[in-house]
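Enquirer: As you go down the protein sequences, you meet chains A and B in turn.
Take the first sequence: its letter number 257 is residue 449 in the numbering used here, and every next letter is one higher.
Take the second sequence: its letter number 39 is residue 69 in the numbering used here, and every next letter is one higher.
Don't take each hint at face value.
Unchecked claim - Just some of the chain A residues that point at chain B, by a computed CB distance under 10 Å: (1) THR264; (2) ALA317; (3) GLN439.
Unchecked claim - If you want the ones that stay clear, here's a sample from chain B, every Cβ over 12 Å from chain A, calculated: (4) ILE52; (5) ILE55; (6) GLU65; (7) LEU66; (8) ALA69; (9) ASN80; (10) SER84; (11) VAL98; (12) PHE108; (13) GLY130; (14) LYS135.
For the record, the hints were derived by calculation from the structure and aren't laboratory data.
A virtual CB, placed ideally from N, CA and C, is assigned to each residue, including glycine.
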Amino acid sequence: MLINSVIIVLREVLEAALIVSILLAQGQVLSLPRVYFMLPVMVGAVLAVVYASNIVAVSALMGGVGQEIVNTVLHGLIVICTMVLIGAIKKPQAKLIIIFAGAGCLATAMVRELAEIIIYINGFASVPSLLSSVLAGSFIGAGIGFSIGVFFYYLIVGMRPINGLRLSLVMLGLICAGMVSQAIQFLMQADLIPSNGILWDTSAWVSEHSIIGQLLFALVGYEATPTAIQATGYGLALVLAFILAMQKPRCDDVARPKGVK
Amino acid sequence: MRILLVVALLLSCGRVMAMPSIEIIIRNHLFYPSELTIAADTKVKLIIVNQDASAEEFESYELNREKVIPGHSKGIVFVGPLAPGTYPFFGEFFPKTAQGHIIVK
């Protein structure tokens, strides 16, 4: 149970930690106050508790597919906020848009990922014999996830500002495309769009069960057996992110490291 | 416009009503039945009833499905149409015991 808890919580924390670390690093590169990013994380945490507390009612909505609808909306919000952020980051006058888009992205990511951790841990309140190992595993998983987030944060802020910004945009674009693929999967699961056959199967090379598969899932939205609609959505999201990111970054901000006048 | 919406709703209802459904029970962190057989190229509605107090996540990498089923509640997952083969599924929260598979013929 300990190992299972580590993997489950790591997977959830990793997705949120990557988004938080990338946006925090972007804020650092662009010299934005950190409070603009910490506040939405806290708001997202509160909303995650509300969502997790009402998961039974949410699941029963719309003929039993309420969970899929809410998850699709959450993924959609992350995608919209991320795309707005990618598009605005090179505009010198768009500081407010960057802050709001980043805040929306952070809060939504926290709701999505933290709610599942709360549901998971809360489920073991009725199984006292397993609770301690679940908590220990969750703690370890969260620690590993945070560590990877910290690694990417310092990787981005440690680079030349222009390169750090580029790397963060590439990572956001890939995460965004993965979110689109996941949202499509939820809609297929709810039978709201056709669930056609799989396009390819790479599970023999990299299984989604494996640690590498889980890491790739969080980093680039890896899916071993995508459908044609998922692959199309993923590709279109990447193209849109690329087009938005192709414009020149905010040279006035990124060329001047923090503390240098 | 209103007529079109009504027709679309009726067609949708008819589609769902005609769809075969299978109930899977989660009890003591086990799936009952743990083996399901469904027809190829057919969409199926899985009604997953969790009789345990703890939550479970119905998950299948092969089916591309994942859904949290809170304790003492039920959830619906649509699968298919699928090609013939065997598609494993498991409970992510209790993966050692909660295992099953769908055989598509």
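Enquirer: Are the hints correct? Go through all of them and say.
Expert: Evaluated hints:
no.	hint	result
1	THR264	violated, 13 Å
2	ALA317	holds, 8 Å
3	GLN439	violated, 35 Å
4	ILE52	holds, 14 Å
5	ILE55	holds, 16 Å
6	GLU65	holds, 21 Å
7	LEU66	holds, 17 Å
8	ALA69	holds, 15 Å
9	ASN80	violated, 10 Å
10	SER84	violated, 4 Å
11	VAL98	violated, 6 Å
12	PHE108	violated, 4 Å
13	GLY130	holds, 16 Å
14	LYS135	holds, 17 Å
When held up to the earlier numbered hints, the structure conflicts with 1, 3, 9, 10, 11 and 12 and fits the remainder.
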